[in-house]
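From just these sequences and the hints, can you work out the full model?
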Amino acid sequence: MNNFQRSETVLRMAIRAAKIGLWDWDLSTNRVVYSTEWKHQLGYEDHEISGEFSEWESRVHPEDLLRVTKGLRTYLAVPSDGYEVEFRIRHRDGSWRWILAQASVMADEHGRARHMVGSHVDITEQKRMETELRHVNRALRLVSNCNKSLTRVSDEAAWLNEVCRTAVEVGGYRMAWVGHAEQDEGKSVRPLAQAGFNPGYIESAEVTWADDRHGGGPGGRAIRTGRPSIARNITADPTFSPWRAAAVRAGYKSSISLPLQESGRTFGILSIYAAEPDAFDTREVQILSELAADLAFGRTFLRTRDERDRAMQALEESRRKLEEAQRIAHVGHWERDLETEQIAWSDELYRICGLRAQERPLRRADLLEMIHPEDRQKWARSCYEAISGTGEYDVDYRLVRPDGTIRVVRSHGAVTRDRTGRARRMFGIAQDVTEQREARAALERALDEIKTSEDRLRVIIDTIPAMISSNLPDGSVDFANRRWMEFVGRPMEERQGWGWERGIHPDDLPGVIERWRAATATGESVEIESRIRRADGEYRWFLHRSVPLRDEEGTVIRWYSASTDIEDRRRAEQTLLALTENSPDLIARFDRNGRYQYVNAAIEKITTVPAREYLGKRLGDVTETQRPRARVHDLVDLRRAIDHVFVSGEGAEREINISAPDTERIFNVRLVPERDDAGRVASVLHIGRDVTDQRRAERELQRAERLASVGNFAAGIAHEINNPVGSILLSARTALAVLRDGKPTTMAEEFLESIASDAKRCGAIVKNVLRLARQETSERSPSDLNGVVTSARDHVHWYADQSGVAMRTELDPSPLPVMANALEVEQAIANLLRNAIEASERGGAVVLRTEMSDTAGTVTIADSGRGMDQAQLDRAFDPFVSSRGDKGGTGLGLTLTLAIISGHGGKLDIASVPGRGTTAIVTVPLLPEAPGSAGRSTP
Amino acid sequence: MIKVLIVDDQTGYRRALAVWLGERGFLVEVAASADAALEAARVFRPDVAVVDQALKDRMHGSELSAALRTLLPCCATVAISGCLVARPPGSERAGWLSKPFEPDDLVSAIRDVLRGDDAGVPGAGTEQLG
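So the sequence lines, in the order shown, correspond to chains A and B.
Position one of the first sequence corresponds to residue 1320 (my numbering), numbered consecutively onward.
Position one of the second sequence corresponds to residue 394 (my numbering), numbered consecutively onward.
Hints are computed from structural coordinates only; laboratory data are not their basis.
Using N, Cα and C, we set each Cβ at its ideal position, and we do this for glycine too.
Check each hint, because a few of them may be wrong.
Here are some chain A residues pointing at chain B (derived, C-beta under 10 angstroms) [what the hints assert, rightly or not]: (1) Ser1473; (2) Asn2041; (3) Pro2043; (4) Val2044; (5) Ser2046; (6) Ile2047; (7) Arg2052; (8) Ile2074; (9) Ser2076.
So this is what it looks like as structure tokens:
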């Protein structure tokens, strides 16, 4: 073999060993010669391959053919150094093989390309490895990025979104989403996160994990099986039919669903969609499964982290609260390591010491230095005792702060020991009790002060000029002041338990005990008067005022009594009583109800009724069986007057007549209001003085005066008579002259009328004078005052009409029986009416009214005319004072009226206001009713 | 003609006096009150005023007489009274008649005072109630 042959042989063997196929394409014939190796590469024997170029073309992958032929033509047009192309070609078994073809052009002597010769290497395995590597790298990058992002995300939702986003952006997938397997009836898969191109695909997908059509896809399968599920070719995968159309529209060619698991349970899926079919090879699935596991872990991690964070927050919160509580209560806790002598203090303890919280570490020596020098030994001893014996630690000590202020600290603690019984640690709490101590000190000072003031009070009680004592509810004395003991002449030491009842006058004791029992039974304040024996044996009167002191429940726990010496008052009272008793005046006292409280001996004597019969009864209610007796209307009037004093608060004065067998006495009774502390009339004092002699003297005097006034009276008569007589004379002369002169007789008649009128007036005057002078009782008979008044009104009616004055009559509906000379009373009332009419203006009115009171009938004549002033009123009853002038008054009208009314035992009161009118009130005693009839009876 | 002013508050008496004096040839004017009398005096300017002493008026008869004399110094006055009291002092230039009296006694009294003879009617003012 020559060198060439040898070389060719070596090459041939090398080519075979390297599995390199060779080919030679004759461009002129368009036929190709293939080496055996070439044919083997594609699974063919030598004879099974023809040299037709078109046959080769038919074997090339359709996707690569255009690119390859185009490259060939380009190369052949402008041949360069070498031709190289990668393409797929069909193997005999139908699979595609990646081929790397390299070739060169062989030219003829004219430089034209005759042959194209090249090699053919199967690079399928290499290609697969490359793709796989690329996929793995992508998946690894994916996992790595995701895990990195786990430290960034704040919560689970963000984490899931981040995983999806990374899958799309880093992994180069078209879309990724995370679905949660709901435990609902339809076993739906709820999307939790999504990233990438998703034109409404997920929303309308209605993926389930049920064993039906919608659960038959990769997602449903992954959840059910807990294993990754792949749709390698969405366009061909029958399980993908429900979503195929949408997936094709979205450009998804393959997909994988990876189960998400926690504690071996599948709770959801991570679904990833690729734009190319068959994108998920074994290795990639493995990696993506890891991603899914990481995703599930991340989710769990985030959840746990959140929970831990919350727990930490809660812990922090409670720690803060504890600190706050300690700060408020000024309580801190501490722990002391007995081996290292390091002391750990809470913040508040630092503050109690006047330091910043945790300002510096503390050792035992540091603490000892802060403790007040006087308390150091005490503190050390407490520690020692706790460690060596009791194990309990409880000590108060003072701390001196850096600024020099002192705080009082109370520290409690306990000792812990190891198994050998050796003390290892002490721990406990310490509290700043400075304020508490100060408050207690203040309280003690206050108590001291109270005690001092109590002492002071006792001194006061012992020195005031009153006798003070206190009794327990059983009556026993538990305190009596100095005055008491001095008065009764006992030493102060006996003030407690001393029986004050022994000092009470024996005569007063039963009464005192009775009052005291009543008071303790009701628990009401009480005032008792009794005599107490003085040290020298003399009894003096005391007023004991006792008030109960009650506890919160109202139970009497003690009685306080003040006893006042009322001996002098008592004496004065007794003197007064003696005076009152022995007074000839009729003295009585009436209480608020008008009942007798007291009557003196004079009343007993004159009425011959014992005093006790009066007490509690009203005036007039006492049955006075025997003479003497007061006149009925006097008593009724007096009783009313007493009532009025209580109401008005003003005193009153009355005169009453009392008839005794041998004499008739007149008493002037003064009613005096007696007031209580509040100023109310509590009682009325009745003082009746015998004025019989006085009145008699007055009457004598009046008679003398009357005699003295006879001269004046006569002059008055003369004047009254002379005027009409003068008029008569003049008129008579004038009439005569008229007649004599032959003048008209009418003129004479006028004067003759005047004469007649004047003569009548003279007669009336004389008659009245005679009656006045006689002053003798006229004949009387029972009459009805109403009837009398009516007659009087009829007499003057013509006059009222003439004067233009209206008369209004208001008669009491019941008869008013009086014992009277009807004609006289009628004249008296008529006189008053005439006066009233005369005083009235034209158009005025006169009121005539009768009324019945208990014992009297009253007639009121009221006008609203010109009235009288006081001076006129004073002279109203004088004879011959007439205001009527030429209207025909005799000047004796009122004088006579008064005489008539007085003669009937009645009264005439006149009240008048100038310009406002006059009111005259006639009071006539009523006739006592016949026996047997109800109503007015003798009291 | 002698002008006489009659002052009396009793209508009948006043009228009788006026008729009587008129019949006796006096020129008569009447007044029922003191004020009316003073008013009439200014206009009528009487020679004599006959004044009832018991006037129920703001002035007593004697006061009115004095007032009239002040107003008309030439005017004489005759007082008539029903009272049995002494002739009041200071009435020397005045006549004085006690009721009852004859009407002609008044005529005499008027003439007397105009003459300057101020003596009263005999018996009047001296009579006492026995």
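Next on the checklist: When the structure is checked against the list of hints, which entries are broken? Sort them ascending.
Outcome noted: Hint check: 1 fails alone, others pass.
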